[in-house]
Amino acid sequence: MNMMAPTPAWGDMILPDRVRGALYRDPAIFELELEKIWYRTWVYVGHESEIANPHDYVLKSIGLQPIIMSRGGDGQVHLLLNRCTHRGNQVCPKEKGNSPMHTCPFHAWNFGSDGKLLGYAFPEGYEGLDKSKHGLGRVPRVASYRGFVFGSFASEGPSLEEHLGGAAETIDRLCDNAPEGEIEITAGFLKHRVKANWKFILENETDGYHPAFVHSSIFSVADSAIGGLYGAKSTALTRDYGNGHTELDLRPEFRKRDALLSWFGTTPDKLPDYVARMNAAYGEKKAREIMIDGTPHVMIFPNLFIAEIQMFVIQPLGVNDSVQHVTALQFKGAPDLNRRMRQQTMGSVGPAGFLLADDSEMYERTQRGMEAHDTDWVFLGRGEHRERRDEDGFLVAHATDEVPSRGIWKHYRSLMEQP
Amino acid sequence: MLATCADSELMHDVEQFLFHEARLADEHRYEEWEELWADDAIYWVPANGENIDPEKQMSIIYDNRSRIGLRVRQLLSGKRYTQDPRSSLRRIIGNIELLGREGDDIRVGANSIVFESSARGETLWGSRNEYTLRRAGDGFKLARKKVSLVNNDRAIYTMSFII
Numbered sequence: 082m083n084m085m086a087p088t089p090a091w092g093d094m095i096l097p098d099r100v101r102g103a104l105y106r107d108p109a110i111f112e113l114e115l116e117k118i119w120y121r122t123w124v125y126v127g128h129e130s131e132i133a134n135p136h137d138y139v140l141k142s143i144g145l146q147p148i149i150m151s152r153g154g155d156g157q158v159h160l161l162l163n164r165c166t167h168r169g170n171q172v173c174p175k176e177k178g179n180s181p182m183h184t185c186p187f188h189a190w191n192f193g194s195d196g197k198l199l200g201y202a203f204p205e206g207y208e209g210l211d212k213s214k215h216g217l218g219r220v221p222r223v224a225s226y227r228g229f230v231f232g233s234f235a236s237e238g239p240s241l242e243e244h245l246g247g248a249a250e251t252i253d254r255l256c257d258n259a260p261e262g263e264i265e266i267t268a269g270f271l272k273h274r275v276k277a278n279w280k281f282i283l284e285n286e287t288d289g290y291h292p293a294f295v296h297s298s299i300f301s302v303a304d305s306a307i308g309g310l311y312g313a314k315s316t317a318l319t320r321d322y323g324n325g326h327t328e329l330d331l332r333p334e335f336r337k338r339d340a341l342l343s344w345f346g347t348t349p350d351k352l353p354d355y356v357a358r359m360n361a362a363y364g365e366k367k368a369r370e371i372m373i374d375g376t377p378h379v380m381i382f383p384n385l386f387i388a389e390i391q392m393f394v395i396q397p398l399g400v401n402d403s404v405q406h407v408t409a410l411q412f413k414g415a416p417d418l419n420r421r422m423r424q425q426t427m428g429s430v431g432p433a434g435f436l437l438a439d440d441s442e443m444y445e446r447t448q449r450g451m452e453a454h455d456t457d458w459v460f461l462g463r464g465e466h467r468e469r470r471d472e473d474g475f476l477v478a479h480a481t482d483e484v485p486s487r488g489i490w491k492h493y494r495s496l497m498e499q500p
Numbered sequence: 145m146l147a148t149c150a151d152s153e154l155m156h157d158v159e160q161f162l163f164h165e166a167r168l169a170d171e172h173r174y175e176e177w178e179e180l181w182a183d184d185a186i187y188w189v190p191a192n193g194e195n196i197d198p199e200k201q202m203s204i205i206y207d208n209r210s211r212i213g214l215r216v217r218q219l220l221s222g223k224r225y226t227q228d229p230r231s232s233l234r235r236i237i238g239n240i241e242l243l244g245r246e247g248d249d250i251r252v253g254a255n256s257i258v259f260e261s262s263a264r265g266e267t268l269w270g271s272r273n274e275y276t277l278r279r280a281g282d283g284f285k286l287a288r289k290k291v292s293l294v295n296n297d298r299a300i301y302t303m304s305f306i307i
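Chains as they are written, first to last, in this note's numbering: chain A, 82 to 500; chain B, 145 to 307.
Calculated directly from the structure, the hints in this document are not laboratory data. Computed from a predicted model, the values in this text were never measured in an experiment. For glycine and all other residues, C-beta sits at the position ideal for the given N, C-alpha and C. Take the hints with a grain of salt, since some may be wrong.
Stated by the list, open to error - Some but not every residue of chain B turned toward chain A, in silico, with C-beta under 7 angstroms:
#: 1; residue: Ser203
#: 2; residue: Ile205
#: 3; residue: Tyr206
#: 4; residue: Ser210
#: 5; residue: Arg217
#: 6; residue: Gln218
#: 7; residue: Thr226
#: 8; residue: Thr267
#: 9; residue: Leu268
#: 10; residue: Thr302
#: 11; residue: Met303
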């Protein structure tokens, strides 16, 4: 952080229904976000199924910091900083693997899969060095919810469950769609880079106003019922769970259709094995409810987006440089459904996706738009007059309303105003 | 290895087909490009290496014939914003080799460099390409095209043109 820069007056930049373009454009604000959001709040890192076995590891990140997500020999998940405690060399260069030990190639310092310093070359050069003080740096708080692993660089603060709040239920709802109640991340990630600020991605994930326009090309040529979910007459809802978590709740539309697997654009006769396994796991009544409601469309602040059949992880690289990591969700015990989820995910997302290539085009164009300052307001007032509280007390409005953006910015402001 | 006369002729025909396919892609001549494909075609752009199992792992593109048609119809819809305005493209297909033959199918390998210019900037796309061409009348049909981008294990920008 530049000590000379005055702290921005957040209240002048973030109003309930509008925000300043500088928030997407100013490199100094990006630096403050790293400090006050990415290196403080709970950030999604990876899924336990990516490191299923003892000593499995996979490279991840929090903000700009490179993280090794590693499973120790005792099964515990560690988030380790990928930086040798000797002279700072990158300890682990491989994307993923299995190893009880990581040896830094620079001077052969060895670290266990739990991050502990095990030894180093020519030990006679160190007298009385306390190895326990030279283990790999670690993210001080690590917590997992239904297999989703989060890390927080703040050693104290709200628990993960407090942070997730009402949005935890959406992850439960997702897992319920698996006959064995668990999600697996096994299909590898597409990595889609955009020259745009990470918050354009964050806000767009639960923006129900854009699909009818940005995605009109694919809706016009594919046999898809998605378009109707985001029309003026849709009964779907936008929801603000607080803490920056937002949802597009499509269940009202799916319940109106009252047809199993309509949420996935298919019918039970196409997935007989899945339907049978769901009925066996939950009983026909409960399985029917799950298979009508489908999976959630929820953005967990600041970087985990569950989009019905796929999962996105947003990685910020710079004020106008971001990566979307995306993969198909896989349900434990649902091979026939999983195959179709991979096929549909490959079609719709990633650098050549029928949907995401156009979303990403909008991110980059909006970033360029921010260079035109004028009054510099981005207007987020859609649907303010028709907001209401749902039965759980969360703010909801029409599917195309900007409740999610307003909720995200309210939380953002509260984080940025913290000392 | 000395090439036979028949091989030289075949090589010439293969090169002309690949150059034609490249030009149709560069010039966004989607309908003519789509006509090159056989009915059982696969158009594959893997992610995270060249040798993943596309039935198990995510690919950037893994289109069967019907999805190739959908891709083309989307590009022709007039609302595929990522290609409106279109990227300006020119590509070089080189190092062409005949890799093998099975019945009417001819396997071909090549390297490719595509230069893209768009509002985002200038992007260079390098790849190893493998084609399966099938004899059809006087010409070929494209039965399979695999484009292994050199950087397909890293984060890449939107690639919404025909690679």
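Cross-check of the supplied hints:
| no. | hint | result |
| --- | --- | --- |
| 1 | Ser203 | 6 angstroms, holds |
| 2 | Ile205 | 5 angstroms, holds |
| 3 | Tyr206 | 5 angstroms, holds |
| 4 | Ser210 | 11 angstroms, violated |
| 5 | Arg217 | 4 angstroms, holds |
| 6 | Gln218 | 5 angstroms, holds |
| 7 | Thr226 | 4 angstroms, holds |
| 8 | Thr267 | 10 angstroms, violated |
| 9 | Leu268 | 14 angstroms, violated |
| 10 | Thr302 | 5 angstroms, holds |
| 11 | Met303 | 4 angstroms, holds |
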